[in-house]
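Undergrad: Respectively, the protein sequence lines represent chains A and B. Counting in my numbering, the first sequence runs from 595 upward without gaps. Counting in my numbering, the second sequence runs from 6 upward without gaps.
Just to be clear, a hint being listed does not mean it is correct.
Below 20 Å or equal to it, Euclidean Cα-Cα: the simulated DMTMM-like pairs (lysine to aspartate or glutamate) are [claimed, not checked]:
{"#": "1", "chain 1": "B", "residue 1": "K122", "chain 2": "A", "residue 2": "D920"}
{"#": "2", "chain 1": "B", "residue 1": "K98", "chain 2": "A", "residue 2": "D920"}
{"#": "3", "chain 1": "A", "residue 1": "K800", "chain 2": "B", "residue 2": "E219"}
{"#": "4", "chain 1": "A", "residue 1": "K890", "chain 2": "A", "residue 2": "D849"}
{"#": "5", "chain 1": "B", "residue 1": "K122", "chain 2": "A", "residue 2": "D877"}
Computed footprint of chain B on chain A, listed as stretches where at least three residues anywhere in the stretch have a Cβ under 8 Å from a Cβ of chain B [stated by the list, open to error]:
{"#": "6", "region": "789–802"}
{"#": "7", "region": "865–877"}
{"#": "8", "region": "922–935"}
Simulated from the structure, these hints should not be mistaken for laboratory data. Think of the CB as a built atom: it goes at the ideal place given N, C-alpha and C, for glycine as much as any other residue.
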Amino acid sequence: MNQTWQFKNKFKSLLLRGGRVIDPANDFDGVADVLIVDGKISAVKPEINFSAEQEFDAAGKIVTPGLIDMHVHFREPGQEAKEDFLSGAKAAVAGGFTTVATMPNTSPVVDNAALVRAMVKRAEDVGLVNIKIIGAVTKSQQGQELAEMRDMISAGAVAFSDDGHFDDNAKIFLNALDYLHDTGKLIICHEEETSLVKGGVMNEGKRSAILGLKGRPTVAEDIAVARDVLLAEYTGGRVHIAHISSARAVEIVRDAKNRGVKVTAEVTPQHLTMTEDLVNPVDASTKINPPLRTQKDCDAMLAGLLDGTIDAIVTDHSPHAPEEKDREYIYAPSGFPGLETSVGVLFTELYHKGKIDLKTLISKMTAEPAKIFGLNAGTLSIDAPAEVTVIDPEFVWTVNAKNFYTKGSHSPFIGRELKGRTVATIVRDNLMTLNKNVF
Amino acid sequence: MSNADAVNLLGKSIIGIENFSAEEIRLVLDTAYKMKQVIRRGGNKKLSNLRGKAIVNLFYEPSTRTRTSFELAGKYLGADVVSINSGTSSIVKGESLRDTLKTIEAMGVDAIVMRHKAEGAADFATQVVEPVIINAGDGAHAHPSQALLDLFTIEQHKGRLAGLKVAIIGDILHSRVARSDVYAMTKVGMEVHLAGPKTLLPRFFEFDDVTVHEEVDDAIKNADVINVLRIQLERQQAGLFPSTREYARVFGINDDRLNLAKDDVLILHPGPQNKGLEISSEVTYCERSAIHDQVQNGVAVRMALLDLTLNGGDLK
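Using the sequences and the hints given, assemble the complete structure.
TA: Laid out in structure tokens, this is it:
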């Protein structure tokens, strides 16, 4: 099967015919046509009578606002062997994502306005999708001194994060929350208390006990989430919990939300659907931070999504060069690419198994992340930028690294047969399609 | 024995005892018994079983007993054996494990005996290259030849394995010996008790026929066998116990403590010992100690593993 994407097909006007349109931001779910003119949503209603330059038969497909991924690693600057903005943007298109936000743990760290400006410019040059820039909270992400966050906001940074590790210094973290308070910008927190996960490569549990691999216990995450929620409550600042994975941490966030703390949370497809039982030290694909947990934790992630404790689904797209992952488990870097498998995994494991309704699922990937970041995106409102994703929910395919657009090669989803796939991704005046599937 | 005749390890890699059947364990022990006769007969120990076979010992970690005994085991069986130490090879130039294995394979070797810090490294090797891989220790995961020689030594002294009560004392958390012993001993019907400071016991370590104790005395009560594990001194620096002095007093195996075990208790230690820490000198050298036998049995068991995997165990 031809699995290649066409990345350039500019149009003046485009009519998406007869798809099931799911637009959670407007509380809409029904069969309708979507008309795009001059890069903007022009109309969403049944049987639009308009002679568009191009038409796309969306019958049997799901038409949603362009998906948003708040948490990707595109590795620029400095780690282009793992990924760059172009390969990352293509992977985003192939996954149905029209907006992504890149984490700053690069080389050097994106911790100043000059670098943010350079990356914003780089994103514009690459085009294809919207790439938003997240800046570091502290200089070089060292957790010692605050980075120039106000300058970075002026340069276009959308949020701040020392993702990759936890800021152990509570005073610096409190200062960061205070300093950002009146800007409304959020801090995205990697929640694993450092001393408790030092040297750990997988969840601390039954599997690590047998394998002899050093563990990263859930309590490390729970402590970190509890501290940051308390500091958010104390300062009135905004904290966003990155890739939540522990059942207890979900409870902590739920309690905090009930108290009115400004906390939001995200979860990945892998933490929703995979457990420590998949860890086999001959293959570092499953090595991620925080690690794959247990079924109890997966169940808590789903419950958190459904009751609103968890606001967004992100991929934590973390590609590495093949030779970096193709080595001893304890030495391989953590992370794997997720943009191109996210929709397939979520549809296969959650939607098709009846665990989540489509509107909730799509909302967690469109309207909710847009709201958290304050982006004019994630909606099919009239005159909104035309960012649209078309998903074929019945598309059966097998994940094969050879077909990846990311430079990352190792993923625990490789070899999986999935049902559900993005077949078209529209960004303003560009209709990008799988298999040149244009009608 | 009749079952043992049906099993066969020819061409198989030895990664961990978890993959062994009770029959395969029996086969190794029976073969090792024959090998021990060869070692002890004096005169010419050299067999021709593995003549024309090449074995590489690939050791990424320091070792005296395991490396030397695998090397001698191969040589007694007539194989050509080369030992590679990570410190004096291209590994220090940053060569990846995959490339090092491929390089060794390209030279035409039949088996690679491997010791590595990373759990899963030996299993990884089986996915990368064709030769038989013998795991001589992978991180805290497994040390199958040690577990087999422990069984062999116990059987030599006790005449049986099933029904015996064994206590494994010390740093279970970081111990590949303990993990392999647990599989080996439970598969042959022994009752296993583990003890050590809670900081050195793995959480979530759940096995049938294995009891975890926090008090050493509870574990060694009426024990037929006590296996004392080595305590690495850096564990104290990592804050896992306060001092070697206190460890020796609370968790060390000494004469007083031995009184709790059976009179004919057998003492094992994988070596090297920290005398006065996990085990006292008197216990190390007492008549109930089989620590010295373990070393000789190590050669016999490793001969058995090499012969069974490379030659099918057909003693010539």
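Undergrad: Of all the hints given earlier, name the ones this structure violates by number, lowest first.
TA: none
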